[in-house]
Structures are given as structure tokens and as C-alpha cells.
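We have chain P; now place chain W onto it with these hints.
Protein chains: 2
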Amino acid sequence: MRKTIVEMLKRAGNDFISGESIAGELGISRTAVWKHIQKLRDSGYEIISQERHGYKLKDAPDLLLPGEVQIGLDTQIIGKDMDYYPSVDSTNRAAKALAYHGARNGTIVVAEEQTGGKGRLEREFFSPRVKGIWFSVILRPNFLPKDAPKCTLMAAVAVAEAMRRFNLKAEIKWPNDIMHGGRKLVGILTEMNCEIGKISYLVIGVGINVNIRRDEFPDALQPIATSLKELNGGKDIPRVQFFRAVLEEFDKLYRQVSAEGFGMVFELWRRYNVTLGQNVRVISAGDGESFSGRAVDLDEDGALVVETAGGRRTVYAGDVSIRHG
Amino acid sequence: MRKTIVEMLKRAGNDFISGESIAGELGISRTAVWKHIQKLRDSGYEIISQERHGYKLKDAPDLLLPGEVQIGLDTQIIGKDMDYYPSVDSTNRAAKALAYHGARNGTIVVAEEQTGGKGRLEREFFSPRVKGIWFSVILRPNFLPKDAPKCTLMAAVAVAEAMRRFNLKAEIKWPNDIMHGGRKLVGILTEMNCEIGKISYLVIGVGINVNIRRDEFPDALQPIATSLKELNGGKDIPRVQFFRAVLEEFDKLYRQVSAEGFGMVFELWRRYNVTLGQNVRVISAGDGESFSGRAVDLDEDGALVVETAGGRRTVYAGDVSIRHG
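Heads up: the protein sequence lines correspond to chains P and W, in order. With this note's numbering as the guide, the letters of the first sequence map in order to residues 1 to 325. With this note's numbering as the guide, the letters of the second sequence map in order to residues 326 to 650.
If we strip away everything but chain P, and leave its shape as in the complex, we get (with noise of 0.2 Å):
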């Protein structure tokens, strides 16, 4: 219902339209509409009334409203049902806590604004408000847990197609970064519950800079992130068709992994990855070793090889840096 409300108050334009036409058109009664209208404007729509014209739409704001983000949206299953938060501690929280009450496969939360963030081991995650994409997907697939880390790969793929919709050229980082010019656009935080053979849920969070001025960043990320709004020139990018992107790329693979297995996300990840060939120092998760080589594979898990003075090595999880020189 709100959302035709929207779709007649954008038809409109810069014209006013009637309590009583909108009324009519859904036949319900004005008050009705006076409610509808009342909790759009609580969700964040800057809807301007005047009486005797009625109704009229001062913005379409960027922000990721649901009722925005799902006008037009082409996918199966990916933001079907879509949780919106103006401002959230975490999404990955949130989705975990949705999830464990039984959220459907697919499930989006999306705030405007992170105020606990979270990377990979705790590590904090800067989430300003209006300016990036913080997302979290619930899933609940039919693959084993072994193959959860995979679907770091999956999302940092969709995240890379839907770049290349806006021609900009994403550079993956293993396992979890997308990178432009060695500095950090997007981050993913994979989360997984399961028993041994059966994944319950996974919860994969996304972090997208988007519209974040390199002097916006604290000091400490200047020197190692960007966004992109950098990478377009300085002009901002439309955050709401941004996303419709990167959820339609991310509903595609992950119907292509669910029926085929995960071929064509390594392939693509292979076209876009930046570590493969390079001379990396890892420094494994689990036991903290570190140690360098040549990233030369992965493996069918997904696991990076890297060719050491000492043979090949397997890592599964860690910080890899790249290189130069």
C-alpha cells in the first residue's frame, strides 16, 4: 500500500496530489492516507502537505529504504524481506539475531549507520551515516559448512559486478577486500551456525564506502582506504541503484552456487583478484604464524596457495598483504 503511495507521489512529481485521488485510487478512505502518509515520513520520506492541494514529495531521499531499494529490484530471493535500521550497533548483529528467531533465506538488514561496525577478528569497522552500504545477508543453503568461506568469495564477486555496472574496476584481495589502488573500498565479515553437515545459518555482512570524501576517513584510514566516489571522479554515486545492483549480482551467484556448485564465482574471482601472482606475507588466523612466498592458486576450498622456500602452503584463514618492489 505504501509503497503505491510512493510510485503516485513520484509520478507527480513536483505537483501536488490529492488526499482525496490517492484515497480513491486505493479506495480507502482519507485518513487513511493520512496514516500511510504519517508513517512514511517516520521512515525517513520528506513528504511536504498543504491544504487543499495535498500531498507532495520533497525528496526521493538516497536513503536505503526498503520501499526504495525494492521498486525495480530483479532478484529471487536476496531482499525479498529487508530490514531497515536509520542507525544500528551492527548489522551482522542484528541479521544473527533475526536468523536465530528464524528469518527466510535471504533476509537483508541495512542500516545508514554502523555504531559498532565489525571486520574480520573484532576488529572495528567505520560506518558513517548516509555514506556507505552496511548490509548483512541472511542464507540458508543447501551446501555444507566447509564450503561457508567460500561465499566471502561470492560476495566480494557480486560487490565486483556490480562495479563494473557503473564502470568501476574492482580489485579483489583474498580472501574478503575489495581494493582500488591498494586502498580498501569494501570489507566482508562471513559469520556462520551450524552442526556438522548442515549449515543453520550464514550471515555475510557487507561494508561498502560509497560516498566518502578521502578527508571524511579518520586520519589512522586516509592513508589506506577510499570509496567510490574517489574512483568516480569525485561525483557520488546513487547509493539506493548501487545496492539494487550489488543484491541483483549477489541473487544471481548465489542461485548459480545453490543449483551448480561453485565454479563460476572462482572463475570470476579469478578475473578480478589482485593477489594471485603477487609476492604475499601471511599471517595465518588461528596459530598467528606468519610467513611469505608467491600466491600462486586456490584451492578448491577456496583456500590460498602460496609457494614458500619450504614448499607449498595452504591458508585457509589470515592477513595476507601484498608485496611490491
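For the record, the hints were derived by calculation from the structure and aren't laboratory data. Where is the CB? At the ideal position from N, CA and C, for every residue including glycine. One or more of the hints may lead you astray.
[To be verified] Partial chain W-side listing against chain P, Cβ under 10 Å, derived:
hint	residue
1	446
2	447
3	470
4	515
5	517
6	520
7	521
8	522
9	523
10	555
Positioned in the frame of chain P, the structure of chain W alone reads:
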């Protein structure tokens, strides 16, 4: 304080011990003693009180009370914290809630009865009152998520080693059952919460059929289940002592695994297992595909290697039935 009172009552054996002498030894008032006695009664101790005589323990109950189990428990990590329920829906469910709220490594949840006990894949698990040991262990290990399935093997070996202390022979069936003569004695359910590269927590649920007579099993289970009591020629097994033995063996193995990896677990597992060398029928978790072959080995991840007509196949999770004749 309460532990000391229980110890004093036990030392007194069949004699009464006066509230005054308990109060004197502990340096507290007689009213305080009386309050502690009430608390002990609430938690399951039957304590007789008689004017002018004092208190007497009617029965050191064979309940799995923390105060009973922890006396003389020789562990460093497992069971230092213990949550006890006369009845609970599922110890794994309770343990996951505790873990979510920060319970420390080695915390135990134990119940006299589960009203909604679960095995793998949401299957029901029969857990009648005071007839078994139904418990869950919370672990926060330093190894990688991909190593979690091996913890099921570790738990199976811990129970098998405890059985050996009681001169009972365990037969471990891959991956998570302990059997005797083809009937199930013990079930294990491992659940995990993790991010890529880091386990947040593992919850390992163990259900041991201790003193269940064959005719006490539901009809459907009678042909496929058995108990330690049946193995023991119909004689009851003291639950508190057996539980202590399991926790001690678990503690020993877990510390070894944390320091040196799963080598010893694999070695002991091979000693107890009845799956390797057998013709088996496998129904894979995930895709549900089934096939037959000979179980020939464990791989380094604890997966079962099966030699089929079409070559070797690796089973990460699923149902394996041993085919005789």
C-alpha cells in the same frame, strides 16, 4: 560453604550432626546453617532434620549436582563452571544461550532430563529423567573452524576412554555414535558459531544412556538402543562417578589437542572405531545422495574415505550404516 556442609554430612554418615557444630566449624550462625540446608534441599539433597539431634543426609543422591560432580574432579578446563537443570528442553540450546552471553571455555550444562533433546538434523533424542547423562560442553578453542568436525571424534574418544575405566567396551561408529553390538549407547551433536578463520564457540552435546533398562526405551528404540547398565550385566553404573570420568578424559584430550593437534585423538579413535574396514552404505548430508562401498580411512579432516566401484569418495557428513553379511 555448601560443599563443606555436604562433606561434613557425608563424613557423619548415618549419624546426626548438630547445627551448632556445623555453625562452629564454619564460623557462621545456626540460622545461616539452616538457610544453607534449605538451599541444599532445593537443589536435590534429601536432608533429615531432627530437633536436638541436628541434620543427617538421607541419601547422597545419584544426581549430577555440580557440588557432587565437582568434588574430586581432576580437570583444568572442563567443568570449572557448571550449570545444572533438573529438567531442560535441550542442554545444547541452553549452552548456546550461555555461550552467546560470554560463558567461558569449558563451561558445562547438565540436566537430569531433556524434554526436547535433539540429535543431528533435528532428530529427537530420548533423554529420560536421571537415567542418563545429558550434557553439553562449551569450548572456545584456538584451532580453525575447519577443525570443528574433529571435536565430535574427540568427544567420542573421551566417552570411550571413560568406559574403559569402567571395564566397558566402546565401539565408535563414524562419526558420532558409540555403539555396542550394533545398538546405540551414546550420541554426540556438535554445533558451532564462527567467522571465517575463528571459532567463536563450539557446543558439543553428549547424551549417554546410562541406567536405562531395555524395556524402558520406547518401542521404536528397543531394537537399536542400549545402555551402559545393559552392558554391565544389568547393574547400575554410578552416574556421578562416570560423569567425572568422562569430563576428566575430555579435559585431557582437549588440552592435548590444543597443544599438539588431533594426532592422539585420531590414534585412539582408530583403536575404538568399528567403521573402518567395513562395507558401508552412505547417505551424504547436503545433497542426500546415497552410495555403497568400503570404509577405508579417515582423512586429515576426520572425513570418512570410502572406496566405491567408481573410485574413492570422501564423506564429510552423513549417515553411515554398516552392512553385514
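Against the structure, the hints come out as follows:
no., hint, result
1, 446, "holds (6 Å)"
2, 447, "holds (9 Å)"
3, 470, "holds (7 Å)"
4, 515, "holds (5 Å)"
5, 517, "holds (6 Å)"
6, 520, "holds (5 Å)"
7, 521, "holds (5 Å)"
8, 522, "holds (2 Å)"
9, 523, "holds (6 Å)"
10, 555, "violated (28 Å)"
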